[in-house]
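S.K.: Residue-level listing of the chains:
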Amino acid sequence: MSQLILHDYEMDEDSYRVRLLMSFLGVTAERVAVDMFPGHVHDSPAFRRLSPLGLMPVLEIHGTPLAGSAAILATLAACQDETRQWLPTEPALHGDVMSWLTFSERALAAARQARLCALFALAGDTARMEAEARSAFRVLEDRMTLNRIEGRDWIVGTQPTIADLALFPSFALSRDYGIDHNDYPALRLWLRRLRRLPGFITMPGIPDYH
Amino acid sequence: MSRLATQWLPVALSADIEPSTSAGLHVEGHELVVWRDASGNAHVWEDRCPHRGMRLSFGFVRGDHIACLYHGWQYDAAGQCRHIPAHPQLDVPQTIRVPRLAAREAAGLIWATEQDSLTFPPAAETVAAEPVQTLAINTPVDRLADALSKAGWVGDGTFGRLDVEGLRLIVGLHPANDGKALMHVLVEAGMAGPRARIEAARFAQALRDRIEAGVAIPGEAA
Ligand code: FES
Chain A
1 MSQLILHDYE MDEDSYRVRL LMSFLGVTAE RVAVDMFPGH VHDSPAFRRL SPLGLMPVLE
61 IHGTPLAGSA AILATLAACQ DETRQWLPTE PALHGDVMSW LTFSERALAA ARQARLCALF
121 ALAGDTARME AEARSAFRVL EDRMTLNRIE GRDWIVGTQP TIADLALFPS FALSRDYGID
181 HNDYPALRLW LRRLRRLPGF ITMPGIPDYH
Chain B
1 MSRLATQWLP VALSADIEPS TSAGLHVEGH ELVVWRDASG NAHVWEDRCP HRGMRLSFGF
61 VRGDHIACLY HGWQYDAAGQ CRHIPAHPQL DVPQTIRVPR LAAREAAGLI WATEQDSLTF
121 PPAAETVAAE PVQTLAINTP VDRLADALSK AGWVGDGTFG RLDVEGLRLI VGLHPANDGK
181 ALMHVLVEAG MAGPRARIEA ARFAQALRDR IEAGVAIPGE AA
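For the protein sequence lines, the chains are A and B, in the order given.
Residue numbering for the first sequence follows full-length UniProt numbering, beginning at 1 and increasing consecutively.
Residue numbering for the second sequence follows full-length UniProt numbering, beginning at 1 and increasing consecutively.
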C-alpha cells in the first residue's frame, strides 16, 4: 500500500482512532480535511460516493475507498503490521477483537452522538444518550477489572489491539459531554497505559501523558 | 453536613491510585482529588486550584508536587503553592494553599476525613486485604448499607466484613453525589488468589445490578 489518502476531521473521534493506529504502525497518508461541522461535508453527494453512509473517516487505498474506523482499523492491522499484534490471527483472540469492534459501533454509538450534541449543539435526547454511554462504560469497567485481576492490562489478550483503540476514545472524551471518570477506576488506569505507549498521539480533549 | 465532618470514610482502593496519578472523587457534595506522589504517599484535597478553580484531578503529578493542568501552578504535599510558571522567580505567598483533608491508608483502602482528631476505625487497622473493585451504584448509601447488612455484612455502616459463597469480602462504602454510592470491595488476604478475586468481582457486579434493579440480594431476608 503505497498510496494512502485519509479523509478525516480533527475533532472526529473515529478519525482519531485511525490516525492513532497509523501512528503506532508508522504508516503515513496524505490527509484531506473534511469539514464535518459546521460544513456537513460528510453528508454531501460527493463524499457519499466515497462513503455511502457518510461514515467518517475514509481511507483511500490505491484509489479504493474504505469507510468507517472499524473497517480501516482491521484492514491496516491486517496489512501493515507484520507482527499481527494489533489484530491477532489466533482465532479466539481475533474473534474477541472483532466482537469488541462491534461493541464500539453499537454500544458506544450513543457516546459518540452525545459528544457531537454537546460540542456542535446538535439536537437529540442527550439524557438517554448519556445513560447509554454510562451502561457501555460500566460493561468495559467490569471487563477491565476482571482482566486486571488476571494480570492482563488490555481488553483482549496481553497486548494492545485495535479493540483498545476502537473503545477507549469514547471514554477518554466523555468529559466533553459531562461524564467524569470518577466511577471508572479500571478504565482510568487503562487510559493511562494507552497514553504511555510509544507512538501515542493526542486529539483535542485527550491530552498527552505528562 | 457531610459524613466527612464526622467520620473517616473509605474513598478509594489503594491499588486504583497508582504512584504519580490523580483522580476525581465526589463525597456528598464535596469535590475531591485523591492523588499519590512519586514516593507513594496518598493525599486527599479539595479538587480546586486556588488560581482559577480548575480541577486539580485533571492535573499531573511531578515528584511530590501536583501541578494544575491549566497554568501549571504546582502544590507540595502540604497543599502549599511552590511554583508559578509565569513568574518563576516569585517567592510564592504562604496564603496560596489548597485545603486538605486528613488521609491514611488501611485495609487496602484510602481513607479521608475533615476531622484529623477522629479515632480511626479499629476494625480497619488490623485487616489485610487484596483489592477487587470499586463499583458505582445508583442507590443512596444508606439503602446500600441496609441491603448489605441484611445479606450478612458485619460492620459499622461504612466498613465491614461479608462472608459469601466461601469468600470473605471486605466492603467499604462512601456516599457520592446525586444519590449515588461507591462500594469498595476487597477480599481478605489469605484467600486472595486470582480465582477468589474474580469470584468476588463477579459477586459484587451481580450485587450492584440487583440492588439497582430493586431485586432482593442473595442472603437478604425477605
Ligand atoms: S487554574 Fe490552576 S494554575 Fe491556573
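Hints were generated in silico from the structure; no laboratory data involved.
Treat the hints loosely; a few may be bogus.
Okay, the calculated beta carbon distance ranges per label pair [unchecked claim]:
1) Ala33/A with His87/B: 33 to 43 Å
2) Asp43/A with Arg202/B: 16 to 26 Å
3) Asp156/B with Gly26/A: 36 to 46 Å
4) Glu165/B with Val139/A: 48 to 58 Å
5) Thr202/A with Thr6/B: 41 to 51 Å
6) His51/B with Pro38/A: 27 to 37 Å
Cβ-to-Cβ under 7 Å is the rule here; a few derived chain A residues that face chain B [claimed, not checked]:
7) Asp81
8) Glu82
9) Leu146
Glycine included, each C-beta is placed from N, C-alpha and C at the ideal position.
S.K.: Between Thr202/A and Thr6/B, is the Cβ distance one that fits in 41 to 51 Å?
M.R.: holds, 43 Å
S.K.: Tell me if Leu146/A is really an interface residue toward chain B, meaning its C-beta lies closer than 7 Å to one of theirs.
M.R.: holds, 6 Å
S.K.: If you check the beta carbons of Glu165/B and Val139/A, does the distance land in 48 to 58 Å?
M.R.: violated, 23 Å
S.K.: Is the distance from the Cβ of Ala33/A to the Cβ of His87/B consistent with 33 to 43 Å?
M.R.: holds, 39 Å
S.K.: Holds or violated: the 27 to 37 Å window for the beta-carbon distance between His51/B and Pro38/A?
M.R.: The hinted range 27 to 37 Å holds for His51/B and Pro38/A, with Cβ atoms some 34 Å apart.
S.K.: Answer holds if the nearest beta-carbon of chain B is closer than 7 Å to that of Asp81/A; otherwise answer violated.
M.R.: Check failed: Cβ of Asp81/A comes no nearer than 29 Å to chain B, outside 7 Å.
S.K.: Holds or violated: the 16 to 26 Å window for the beta-carbon distance between Asp43/A and Arg202/B?
M.R.: violated, 45 Å
S.K.: Do the Cβ positions of Asp156/B and Gly26/A conform to the proposed distance bound of 36 to 46 Å?
M.R.: Violated, at about 56 Å.
S.K.: Using Cβ atoms only, decide whether Glu82/A comes closer than 7 Å to chain B, and label the hint accordingly.
M.R.: violated, 33 Å
When each numbered hint is compared with the structure, violations occur for hints 2, 3, 4, 7, 8.
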